[in-house]
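Student: Residue strings, one per chain:
Protein chains: 2
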Amino acid sequence: MLENINFYCIMPAKLIKIAIDAMGGDDAPDVPVNGIKVFLSTFPSENVIFKVYGDEQILRRKMLGIDRARYEIIHCENKIESDEKPSLAVRQSKGTSMRAAIEAVSSKECDASISGGNTGALMALSKIILKTAKDIDRPAICAMMPTKSGKCVLLDMGANIDVTAQNLLEFAFMGEAFAQVVLKKRKPTVGLLNIGSEEMKGHAYIHEAAEKIRASHLKDQFIGYIEPDKIYTGEVDVIVTDGFTGNIVIKSAEGLGKMIKILLKRAFSSSIFAVVGAILCGMSVKRTMKKMDPNNYNGGMFIGLNGVSIKSHGGADKYGFANAIMTAVSIVKEEMHRKIVEKINLS
Amino acid sequence: MLENINFYCIMPAKLIKIAIDAMGGDDAPDVPVNGIKVFLSTFPSENVIFKVYGDEQILRRKMLGIDRARYEIIHCENKIESDEKPSLAVRQSKGTSMRAAIEAVSSKECDASISGGNTGALMALSKIILKTAKDIDRPAICAMMPTKSGKCVLLDMGANIDVTAQNLLEFAFMGEAFAQVVLKKRKPTVGLLNIGSEEMKGHAYIHEAAEKIRASHLKDQFIGYIEPDKIYTGEVDVIVTDGFTGNIVIKSAEGLGKMIKILLKRAFSSSIFAVVGAILCGMSVKRTMKKMDPNNYNGGMFIGLNGVSIKSHGGADKYGFANAIMTAVSIVKEEMHRKIVEKINLS
Chain V
7 MLENINFYCI MPAKLIKIAI DAMGGDDAPD VPVNGIKVFL STFPSENVIF KVYGDEQILR
67 RKMLGIDRAR YEIIHCENKI ESDEKPSLAV RQSKGTSMRA AIEAVSSKEC DASISGGNTG
127 ALMALSKIIL KTAKDIDRPA ICAMMPTKSG KCVLLDMGAN IDVTAQNLLE FAFMGEAFAQ
187 VVLKKRKPTV GLLNIGSEEM KGHAYIHEAA EKIRASHLKD QFIGYIEPDK IYTGEVDVIV
247 TDGFTGNIVI KSAEGLGKMI KILLKRAFSS SIFAVVGAIL CGMSVKRTMK KMDPNNYNGG
307 MFIGLNGVSI KSHGGADKYG FANAIMTAVS IVKEEMHRKI VEKINLS
Chain C
7 MLENINFYCI MPAKLIKIAI DAMGGDDAPD VPVNGIKVFL STFPSENVIF KVYGDEQILR
67 RKMLGIDRAR YEIIHCENKI ESDEKPSLAV RQSKGTSMRA AIEAVSSKEC DASISGGNTG
127 ALMALSKIIL KTAKDIDRPA ICAMMPTKSG KCVLLDMGAN IDVTAQNLLE FAFMGEAFAQ
187 VVLKKRKPTV GLLNIGSEEM KGHAYIHEAA EKIRASHLKD QFIGYIEPDK IYTGEVDVIV
247 TDGFTGNIVI KSAEGLGKMI KILLKRAFSS SIFAVVGAIL CGMSVKRTMK KMDPNNYNGG
307 MFIGLNGVSI KSHGGADKYG FANAIMTAVS IVKEEMHRKI VEKINLS
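Heads up: the protein sequence lines correspond to chains V and C, in order. Those letters in the first sequence? Residues 7 to 353, by this note's numbering. Those letters in the second sequence? Residues 7 to 353, by this note's numbering.
No wet-lab data here; the hints were simulated from the structure. Please read these numbers as outputs of a predicted model, since none were measured by experiment. Hints may be right or wrong, so weigh each one.
One copy or any two copies: either way a pair holds, since identical chains are not told apart in the list.
As the list claims (entries may be wrong) - With a straight-line cut-off of 20 Å between C-alpha atoms, the simulated SDA-like cross-links for lysine to any residue are:
hint, residue 1, residue 2
1, K264, E233
2, K57, L46
3, K264, D235
4, K264, T153
5, K264, M151
6, K154, E260
7, K207, D168
8, K267, T153
9, K157, G263
10, K207, L94
11, K91, H209
12, K154, K267
13, K324, D33
14, K91, G202
15, K133, L94
16, K271, S155
17, K207, T170
18, K345, T138
19, K218, I229
20, K267, M151
21, K157, E260
22, K91, E214
23, K154, K264
Hey, can you work out the whole structure from these sequences and the hints?
Tutor: Encoded structure:
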């Protein structure tokens, strides 16, 4: 079920500790707990252990069957609800599983934290607790999108609603570093999302950002404006945009993907021929649907902070959560944070 | 091939004259000419005739086989290239097929014009020649999107990159009128596109627009913010957004749809079982793919002008162009312009 994920095991096996907010997400704590199970059964030899934050009594029961050497439960009295207003959630965050998981990263007890809970609260708490990395003005959320030929990196996914040209330039640097780690490309290509490839289209700050990128170390990797229909062609490795637009792209893709899945299911059961046909081409179509499943692209990262905080999609299933764990492990192994700060200093 | 289109023939058969820019679009003049042929063969009894603007010599040859009573060719020396800068294209628009087609609407020779050419130039020329309708500040581009259960209306699709709350309110009125005509709903529901359903999310002008809509005649039809993954669920009839975001939504959907089509084709030919299966469920899957084909949703309208100017997608095929013709005919029959101005005056 995790076939589409590139997982890199090329670094020496240092022990990696992941903090899990077990109470965040639509089906918590089942999804985080089962995500850990999927991860451990898929990569039993990975040198990873978990600190699991949440209701001890519930978790002790749910975690039965997992090797006790691979996890520790840390009891938390409270949790942040997914529909809570972020500013209020932050003020009332003491003793919550989300806050405790992020604090474990800031105190260096853990190398990364993962939560499927309230995005706004997670972003605010991650910023408050981990602080923005040196020379970075605004952190961003980075995620992977499927393409015809593989994957690309899209940022910002929703951390910054209003941006400046300088923010977009920094996102380009962060996206480059993220793509170097997750796509394994030494010199990933970078494009600015815009509604036309012509110079005069779109917002003024996009035009300014293009000039800034052309004047940076990215000049040879920059392919200019990329139109939204090109996101999925695989023509570019890193797509840079503001958080409002990035969020629109990923959420509308999710909605369209779901609609197509429903319509295809209906088509496959519309006649006896279609039913037999569907059985015959079942596996290959299933693989294709899987490739488009948002669970395979789970694990948006808050990039640009002094520590790794991963947002798992609130509606992700156990495989999606396991993918978020893998993203966290890859990022820690490859020391992406150090690389990003280096890039920014290069510019 | 036009099965998914609702075409309304309930009004008395007044003669409708459509101006066609035969030189605009990727495969002009073949697509416009063949679009006319498809339209006439699908609806032979519709009381519609065409004024076709472009190179007379070429068009005379291409139009062979179409009933001479149904069209007239008007020779134009020039055409606007699709990659021309709109401001320059407007300055050099004299004698072009695009300008002549719009002028035919302004002079009342025709009831509507259709062009698949340069969107920016078409928008600028439509505004300059047709002028904005009474009490409307900014025209918008309106289009239809597929949903799980039918269709919805999305605007603005790209006419207004930066908007105010007042603009969004006017778009809501225009969208309502458009939905009344094309979706045949007396009281269509209206939603504001935003990245969260919570009150504090997204740009400030979106929050202001929500207040304005709640204070207008739309208050009972307004369902608040709609997240992008809900575009395709059919939960709302009219989705209001700025032109930058609307363009991102439609173009990224186009890109994702194309990718899924390619991946499914690959899946269907990946093994002998899949090939046989694909043959068995061929028709029903084909119908589903057709439902998602952008050609079925072709014909974005510049709404809020003193006259009907329709933008056909530059990459549309003959069926797509025929759909744009049908949109134009429906809009003219139902006097949508008058209805929109009435709505604005109601508020």
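Student: Next step is simple, just say for each hint if it's right about the structure.
Tutor: Right, here's what the structure says about each hint:
For the homomeric pair K264 and E233, the shortest alpha-carbon distance between copies (14 Å) is at most 20 Å, but the shortest distance inside one copy (23 Å) is not. In this assembly of identical chains, K57 and L46 lie within 20 Å of each other by CA distance solely inside one copy; the values are 14 Å within and 69 Å between copies. In the homo-oligomer, the alpha carbons of K264 and D235 lie at most 20 Å apart both inside one protomer (18 Å) and across protomers (9 Å), since each shortest distance falls under that limit. Proximity of K264 to T153 under the C-alpha cut-off of 20 Å is found in both arrangements, the shortest distances being 17 Å within a copy and 10 Å between copies.
For the identical chains of this complex, K264 and M151 are neighbours both inside a copy (15 Å) and across copies (15 Å), given an alpha-carbon limit of 20 Å. Taking the shortest Cα distances, K154 and E260 sit within 20 Å of each other both inside one copy (16 Å) and across copies (13 Å). For the homomeric pair K207 and D168, the shortest alpha-carbon distances inside one copy (18 Å) and between copies (12 Å) are both at most 20 Å. With identical chains, the CA atoms of K267 and T153 are at most 20 Å apart both within one copy (17 Å) and between copies (12 Å).
Taking the closest pair of Cα atoms, K157 and G263 come within 20 Å of each other both inside a single copy (16 Å) and across two copies (16 Å). For a Cα distance limit of 20 Å, the shortest separation of K207 from L94 across copies, 14 Å, qualifies, whereas the shortest one inside one copy, 39 Å, does not. In this assembly of identical chains, the alpha carbons of K91 and H209 lie at most 20 Å apart only when taken from different copies (16 Å versus 30 Å within one copy). Within a single copy, K154 and K267 get their C-alpha atoms as close as 18 Å, and across copies as close as 10 Å, so both meet the 20 Å cut-off.
In this assembly of identical chains, K324 and D33 lie within 20 Å of each other by CA distance solely inside one copy; the values are 10 Å within and 48 Å between copies. In this assembly of identical chains, K91 and G202 lie within 20 Å of each other by CA distance solely across copies; the values are 11 Å between and 36 Å within a copy. With identical chains, the CA atoms of K133 and L94 are at most 20 Å apart within one copy only, with a shortest distance of 15 Å there and 47 Å across copies. Taking the shortest alpha-carbon separations for K271 and S155, only the inter-copy value of 14 Å comes in at or below 20 Å, while the best intra-copy value is 25 Å.
In this homomeric assembly, K207 and T170 come within 20 Å of each other (Cα to Cα) both inside a single copy, at 17 Å, and across copies, at 19 Å. With identical chains, the CA atoms of K345 and T138 are at most 20 Å apart within one copy only, with a shortest distance of 15 Å there and 53 Å across copies. Taking the closest pair of Cα atoms, K218 and I229 come within 20 Å of each other only inside a single copy of the chain (13 Å); across copies the shortest separation is 41 Å, beyond that limit. For the identical chains of this complex, K267 and M151 are neighbours both inside a copy (18 Å) and across copies (17 Å), given an alpha-carbon limit of 20 Å.
Taking the shortest alpha-carbon separations for K157 and E260, both the intra-copy value of 16 Å and the inter-copy value of 18 Å come in at or below 20 Å. Only between protomers do K91 and E214 lie at most 20 Å apart by alpha-carbon distance; the minimum there is 19 Å, versus 34 Å within a single protomer. In the homo-oligomer, the alpha carbons of K154 and K264 lie at most 20 Å apart both inside one protomer (18 Å) and across protomers (9 Å), since each shortest distance falls under that limit.
Of the numbered hints listed earlier, not one is contradicted by the structure.
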